[in-house]
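Note that the protein sequences, when read in sequence, are chains A and B.
Take 0 as the starting number for the first sequence in numbering that gives the first Met the number 0 and just add one per residue.
Take 0 as the starting number for the second sequence in numbering that gives the first Met the number 0 and just add one per residue.
Note that these hints are calculated values from the structure, not bench results.
Each hint should be verified, as a subset may be incorrect.
Computed footprint of chain A on chain B; a stretch qualifies when at least three of its residues, placed anywhere within it, have a C-beta under 8 Å from a C-beta of chain A [stated by the list, open to error]:
# : stretch
1 : 38-46
2 : 86-94
3 : 101-108
4 : 195-209
For each residue, glycine too, the CB sits at the ideal point set by N, CA and C.
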Amino acid sequence: MCSYIVEKAPLVGSAKGRKGWMRIDTANVYFDHPYHSTLDHVLAIDFTNEGEGGRDRVAVELSAQSARALVERILAALASGEAAHAAPPA
Amino acid sequence: MSYYQGLQAETVTFRGHKGDQGEAYYARPLRAGRFPGIVVIHHLPGWDEWIMEVVRKFAHHGFAAISPHLYFREGPGSPDDIGARVRAAGGVADAQVVGDVAGAMAYLRGEPNASGRIGVIGFCSGGRHAYLAACTLSGFDAVVDCWGGNVVVDNPKDLNEKRPIAPIDLTEKLGCPLLGIFGNDDANPTAEQVNRTEAVLKRLGKTYEFHRYDGAGHAFFNSTRDAYRPEQAMDGWRKVLDFLHRRLAASAASVAAE
Numbered sequence: 000m001c002s003y004i005v006e007k008a009p010l011v012g013s014a015k016g017r018k019g020w021m022r023i024d025t026a027n028v029y030f031d032h033p034y035h036s037t038l039d040h041v042l043a044i045d046f047t048n049e050g051e052g053g054r055d056r057v058a059v060e061l062s063a064q065s066a067r068a069l070v071e072r073i074l075a076a077l078a079s080g081e082a083a084h085a086a087p088p089a
Numbered sequence: 000m001s002y003y004q005g006l007q008a009e010t011v012t013f014r015g016h017k018g019d020q021g022e023a024y025y026a027r028p029l030r031a032g033r034f035p036g037i038v039v040i041h042h043l044p045g046w047d048e049w050i051m052e053v054v055r056k057f058a059h060h061g062f063a064a065i066s067p068h069l070y071f072r073e074g075p076g077s078p079d080d081i082g083a084r085v086r087a088a089g090g091v092a093d094a095q096v097v098g099d100v101a102g103a104m105a106y107l108r109g110e111p112n113a114s115g116r117i118g119v120i121g122f123c124s125g126g127r128h129a130y131l132a133a134c135t136l137s138g139f140d141a142v143v144d145c146w147g148g149n150v151v152v153d154n155p156k157d158l159n160e161k162r163p164i165a166p167i168d169l170t171e172k173l174g175c176p177l178l179g180i181f182g183n184d185d186a187n188p189t190a191e192q193v194n195r196t197e198a199v200l201k202r203l204g205k206t207y208e209f210h211r212y213d214g215a216g217h218a219f220f221n222s223t224r225d226a227y228r229p230e231q232a233m234d235g236w237r238k239v240l241d242f243l244h245r246r247l248a249a250s251a252a253s254v255a256a257e
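Extracted from the complex, chain B is given alone in its bound form (with noise of 0.2 Å):
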């Protein structure tokens, strides 16, 4: 069969921040070959259905994909309510994240299909996490940054025990590629906001590439809510397809399939 696709997609069991065992949601191909990871970083409101989605989706594209359940330490019960817990008590801390997005690669790591390259992407606060991930852990060979909000901070009071720095300041260990994507009506970040953080890599010789988009606001991707854009989502996963295919150079047998 010159065309087969198939994928298996699963919860699993992981170990997080501090070796603390959490879940996470994980797909792959069902081919052979081995495969370039990726950590899939929620948003705010939770370890929802549109993220599984997501983590499906680049497991049909040749990549084999985890989502670490940021919020699983509030848990048992559904991502939702948890969710609204983790919220009310002010978000997760940096560390934390940090932690489990470590767990989460090492995860991919050891899985007898890795390729051994590893990217991060997150969206939404997600996205924050992932620059954020990028900029403090080693062993990522790429990053996206969907929208992430307050990786710039303007007001020293978003800054606190659980955010204690903001990621921009951090920008000077990023040690792998960054895609950006942003759509120019979003309020966090604003366009301005996506300018500055472009200032600050180039000055700091980064490699990077950014994509504006005009008629999008945050979260455009997300097919589940009116802020979808399918005009620009296509093109902009288009981007993030590339850029990761290009630089997680996937294996030859995954290419080949597709």
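The shape of chain A in the complex, shown without the other chains (with noise of 0.2 Å):
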């Protein structure tokens, strides 16, 4: 179905799309039609930045198993990420 269901995940960072490097301030995050993937429905970020106009972003569209199984692994590389640089010098 065609929802109007956004969720706004505000963030810092950064993105590289068309025009090269960009700050990010926002992702757009919704579990919808695809405009480019073949499946029926995606789970599609749109990174950027709405400071600025929300003009660029910086796209993907996800299958739903997929992104939940990057949700995971976002998660493993920030704890082991956290960990290993919280870690005191050998």
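Make the complex out of the two chains shown on their own, each in a separate frame, by following the hints.
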């Protein structure tokens, strides 16, 4: 179905798009029909800078299963990375 | 030549809601004659390649078809990026869509090849928009709703400033015959919601045809998606074209060439 449900995630970061690197302040996240994927529904994320008008974006369309797996890998990377960076020098 | 095929398809400019000037994709047969018109309304993700294929398909079958870019005000840019911006802003207002559809209808009427009879078709959110437009605007001779979700609104929270009224509540004003195409596995509209829409049409004495397909869900015409169901889609297209040819009474010249 076509829904208008969008989860907005404020964030701090950068993304590389058509024009090179840009600062981003928002991720618009939704689960709906894709524009490019052949899947019926995708978990889509548009990384934008709404503070600058939000005209450019870095977009991904993921299957639900791979999106959930990605969430796990993000959390795992954060956990291991933060642990490694917090570890005292050998 | 007894079977000449040719069409012209291009981006044109039209005047939409409040006279705003925007883009539309327009296709018509190249042969001589007067052709019935069809306004083609795209789905929520935007004005994409598939909807342009649909416009050309109608021209192939003897119609002059136009698909207004409902998000043109958010341009310039690629239709997918513009569509993403519109989604993030909560979609476009119904009143603006209806104004743009009226503008697209006026464009068709202004073309020298127009037969004077015009239909409107929409897919997905565009199906809802088609239903809404046919209940709001005068001048349409036929409407086709392809799996329009939220024609029936069960949760009042889904009504807002942009979409203040459930289209089903405007059915009394429907002024032309309606064709509905639905997949029985669709989640929006569900088969039960389609039944409720039909009950309202029947109660109000409206002229309508509903066709429901087993083994199909949402957007089963869309050949770019896994949702595509070739058998059901081919039958559905036959129903759509037959309905529009009958209701728009294509001119003798255009019918003879098919």
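Hint by hint, here is what the structure shows:
no., hint, in the structure
1, 38-46, "holds (count 4)"
2, 86-94, "holds (count 4)"
3, 101-108, "violated (count 0)"
4, 195-209, "violated (count 0)"
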